[in-house]
Amino acid sequence: MTVKVQLFITCLGENFFSPVLKDLVGLLERLGVQCEMPEGQTCCGQPFYNSGFQAQATGPARQWLKVFGPTDGYIVAPSGSCAEFVRHRYPEMFPPGTPEHAVAREISERTFEFTEFLTRVLKLTDVGACFPHKVTYHASCHLLRGMGLRDEPKQLLAAVKGLELVPLSEEETCCGFGGIFSVVYPEVSAAMLADKVRNIQASGAEYVVVGEPGCLMNIAGGLQKIGSAVAAVHMIEVLAARGDR
Amino acid sequence: MSEIPSPIDFRANSRGVPPHIATSVKKATHHLLGTRATVVGYLGDEQWQLLRQAGHELRLHTINHLDAYLAQLEERVTAAGGHVHWARDGAEANRIVLEIAREHGVRRAVKVKSMATEEIGLNHALIDAGIETLETDLGEFIVQLAGAAPSHIIAPAVHMSKEGIAELFRTKLGVDAPAEPKRLTAIARARLRDAFVAADMGISGANFLIAETGTLVLVTNEGNGRMCTTLPPLHVAVVGIDKVVPDLASLHVLLKLLPRSATGQKLTCYTSFITGPSAQCGDGGPQEFHLVLLDNGRTRVLRDPQARETLLCIRCGACLNSCPVYNHVGGHAYGNPYSGPIGAILAPQLLGVQIAGNLPFASSLCGACAEICPVKIPIPEILIHLRRRAMEGDRIEGPVASPVVAAGAAAGAFALSQPLLYEAGSQALRVVQAPLRRGTWLQSLPPPADRWTTVRPMPAFDASFRQWWRTRTVEGRKQTRARRIRIAALLGGAAVTAVAALVTLRSRKGSNSHDIQP
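Taken in sequence, the protein lines are chains A and B.
If you read the first sequence in the numbering used here, its first letter stands for residue 1, the second for the next number, and so on.
If you read the second sequence in the numbering used here, its first letter stands for residue 1001, the second for the next number, and so on.
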């Protein structure tokens, strides 16, 4: 039976990383997965919720449930942060007894972050990728601590042909993004990013692999600012590659 | 404590932190994290997780039955010959201590390091009343000498380098002090010996209070705790009501968690158990023991089921060490004695969000604190809960968000609830960014987006995926045409609204009072 995936493209993914989303479709189809993209999806509401506007967050959350509720198959996001929010927060945001609660409970069972979907649902580590470069990996907080994905992303990378994974000092330390935090306290965010960029530079890698659109925006920007030779790429871009970059 | 405190401005405080402080802090916290990892490693992760869970459960049980355990504690302390006092707030606690001091004609007091007495400003109250008060923990001694506040729960002088401390000793003590930790310690030690002998009163906090036996437990490394609580004829302890543990068996679990998490020790050099005035045993020591039990906002925390677990804290400081924000700004940026992640959830509850409402935002919600916490306090969850208190308000307090910020959030949430509006916005951003676009980047943006671009450029808006997706099917291509017409109409309307909004906003500029959010 064909595995069906509903693409949860996320607002950051959509507005800043269209090539990553195209790679996501390409990779999933290559693996024999049937993709659908539910129309009407916007943002999951996390930026509002985590900024203290929890009542406001129910607006986008309701829209999300309206769009994804009636779908079937797995829901897969290129982000651990958004997937975690939907999975863990929606059932609390809408109290038991409300129609949204039942939908939230149902979708929380079938919503996955991308590397989690590959390793735990499809049970794949080798996706037939080829990326002949020296890379290092930044462990995004919500992927790592939110979703508990410590080893899986690295197992996927280890199976990529030609890829040499080099360690990143302070790999599990936050890059300084933190959503609203980055603009409420830009100076502290800058100091955290500077540490991250310094460690990436020192790793000797050509690419830093990041699995989270928010961190990718931040880290890619930090590297761009200093004119670094290291490029930041999304995990999906590496796993979709066939030796073509 | 009569003056009305002003709101803590974390951004201003963190901007003023000199780079050498971050260096000192990071060096110390890395050392502490390293030793912690080693001793936790001896136990193995599985054992450690079981221990954390046990610690969590017994602390939660205790605070959920705090009334009963406090009553038992009072009874046992009294039975052991001690005196128990209840203080509703810091002012009352200070008054009680001063009264005891006055009754005994106290002129000189020595102190064991204590967060509760920092919280209530006891030193100021004593010194104002003419009582010479000396901190005897080495870190606290240094910080007191510098006229500063402690910047870490367990390492008060963590923000200072050994060179800075040597310089301080030279100017304040008039001694020849080299920048060598051993020599500096010897200088402090010589001063403190005399003070211990001369003191009329010893003041301590407590790491734990055992309800079953009425025993106060002090966990220390320098021996000053034992000196302060055995040499002077009077011992007064000021302790938060959250420090109670039911019995010795529970203490056993917490004593495994605390030193490992705090200093990376299996056990600290001294663990003192004090039950009543020790002179009763006939071997010297204080003739009187007073225990001041401090509320100061703790029962208010207890009333909030979503934040109650804040009171599980055993003050190990591990969350500070693991926090990337704390490591860059140090403790003083938090503007109160409780810093780091635990400070960011405790201070807004003790002081109110009116005063400390921007501390819950001083976190990237990375979760390192929750991962390291020995009693599993869900710190990120409580941070988000308190952000809500600050922005939307709840039954406890708030909101303190400016109307402009609240209106902005409402407008944003509305736009993101309407698919067509959202899509129109995404497409509009692709167009309007053109003049600012340099290749695939936006190097600088106007306020408030400049808060992002002053730090790093922003990737250019590029919402092209949906169109690409839709053109993969015939039906999708048809829908796309219809959608384009609707979006064009919407964008026309939006442009008019945006101009109107911009004009309104310009006229309101400068009237914003709270800078919690951009």
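Careful: at least some of the hints might be erroneous.
[Stated by the list, open to error] Once the Cα atoms are required to be at most 20 angstroms apart in a straight line, the calculated EDC-like pairs of lysine to aspartate or glutamate come out as:
id, chain 1, residue 1, chain 2, residue 2
1, A, K22, B, D1450
2, A, K225, B, E1392
3, B, K1478, A, E39
4, B, K1026, A, E172
5, B, K1026, A, E39
6, B, K1026, A, E187
7, B, K1026, A, D126
8, B, K1027, A, E39
9, B, K1027, A, E170
Worth flagging that the hints you see were computed from the coordinates, not collected in a lab.
Against the structure, the hints come out as follows:
| no. | hint | result |
| --- | --- | --- |
| 1 | A/K22 <-> B/D1450 | 30 angstroms, violated |
| 2 | A/K225 <-> B/E1392 | 36 angstroms, violated |
| 3 | B/K1478 <-> A/E39 | 14 angstroms, holds |
| 4 | B/K1026 <-> A/E172 | 16 angstroms, holds |
| 5 | B/K1026 <-> A/E39 | 48 angstroms, violated |
| 6 | B/K1026 <-> A/E187 | 17 angstroms, holds |
| 7 | B/K1026 <-> A/D126 | 39 angstroms, violated |
| 8 | B/K1027 <-> A/E39 | 51 angstroms, violated |
| 9 | B/K1027 <-> A/E170 | 14 angstroms, holds |
Checked against the numbered hints above, the structure breaks hints 1, 2, 5, 7 and 8 and satisfies the rest.
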